[in-house]
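Please model the complete structure; the sequences and the hints are all you need to start from.
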Amino acid sequence: MAEALNSAAIFTELKSLVGADAVLTDAASIRAYDCDGYTPARNGPLAVVLPSNTEQVSAIVKLCAHYGLWFTPRGSGTGLSGGSTPMCGGIVISTTRLNRILHIDVPNRRLIAQAGVVNTYLSRAVKADQLHYAPDPSSQGACTVGGNVAENAGGPHTLKYGVTTNHIVGVTMVMEDGEVVQLGGLAEDPAGYDLVGLVVGSEGTTGLVTEVTIRLTPLPQGIRTMLAIFDSAESAVRTVSSIVAAGVLPAALEMIDTFIIKACEDAFHLGFPDDAEAVLIIEVDGLEAGLQVEVDRVTEIAFSNGAREVRSASTERERALLWKARKQSFGALGRLGLSMVTHDGVIPRTKLPEVLARVKEISGKYNILAGNVFHAGDGNIHPNLMYNEHDPLQLEAVMLAGQEILRLCVEVGGSITGEHGVGVEKIDVMQVQFSPQDIALMEAIKSVFNPTGLCNPGKLFPTAKRCWETEHGTRMVKAAGRGAAV
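If you read the sequence shown in this note's numbering, its first letter stands for residue 46, the second for the next number, and so on.
FYI, nobody ran anything at the bench for these hints, they're computed from the structure. No false leads were mixed into what you were given.
Using 25 Å as the maximum straight-line C-alpha spacing, the simulated PhoX-like pairs for lysine-lysine come out as follows:
1. K107 to K510
2. K107 to K60
3. K307 to K410
4. K405 to K372
5. K205 to K369
6. K396 to K410
7. K205 to K372
8. K172 to K369
Pairwise CB distance ranges, derived in the manner of DEER restraints:
9. G237 to L445: 40 to 48 Å
10. R154 to L445: 40 to 48 Å
11. H435 to G237: 49 to 57 Å
We put the CB at the ideal spot given by N, CA and C, even for glycine.
If you want it as structure tokens, here you go:
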């Protein structure tokens, strides 16, 4: 049985493991770690620890196991489903000091990095070798590769290059008892079960990943980026399906609706027409030979579906400006002075017109402002629901609207999440997509890796809520320092 909880003693032991400057216990620091990008769910940890290597992580986890303390892995906190929020208290183990690239193997196109390396730094390290790390979440300038692994992050170039799991070949992971395991490795297809594939997307419930081995991808010889402007959202989404049906596989196919266009234009002055109902950012890449043929074909399809105008970026600066609207759209919305919940349901491309219309109806029903900016090519929608977090009625409305949108995604043959994960946000709709037997099987798999449930508790499965709900089923926001397991 774990020893009785003594906060002062635990803090002293943690400092002996990682140094005093790597243990945060003051109120301001605790407040900074009480949520991730999903702000409706908050709870402060007992302490935040910032290890620098796998050995320190293992020692911290062993201490947590000894005292029966829950622990929550956290990268940069850019997640959008509450996956790194310490809902049950305990210890937050931040990977931000695990920020070193350990090995680059250009001939074999491999790179080994600690989990706290920022996504965009991976590509920067091998750009001179004409390689890159293909998954590029919109938060890639801040998010870490360990967090990408936890959520199986996607990004604008998912359509052609795939999501995180398609580019991770090995991980070093600390189990919930502190044991360090190596899964996968440098080999392309190791024998046995695909345990790396199981860990990627497990939302930190199987263990704490400290190092990753990634597959590097050659940079394309040529890139063409276009902006197609439409007077109706329906015409834009028809264009998406038409491009793919024509046999063209863009590197990226992103849609931004009028609400987001206006926010981006106000923030960045990119020259977008603020009377447009939707725009598509379309990027094709590959060998220079034949690339213009694809550009011409995409342009033809866009006009045949009612595009008002199709612009092409003629310089790298113009291309960067087009992508700025997509990758910094959430920041542009932040200027409106409201809080935001961003969903990420997945639907068949052919259902885009129907679903976007229904999303508009749902947001109107709950009197919520909503804008859409999303990965249209693979049907990964991102409705952004705006609300005043200080108004309990608006908070309730945004929760209800979100659940209705996710139920709609499942209803049309899709999924409740494409890249943000279930975390805390979508626990209650897991049962919409999965049967009790499905959930029981997943929980059984989790228990093989995490039998005590100390690692990232309160996430993913409906039963996990027990540590942060009262017997009446209402959320219990505990004071910082009361998060230890009992």
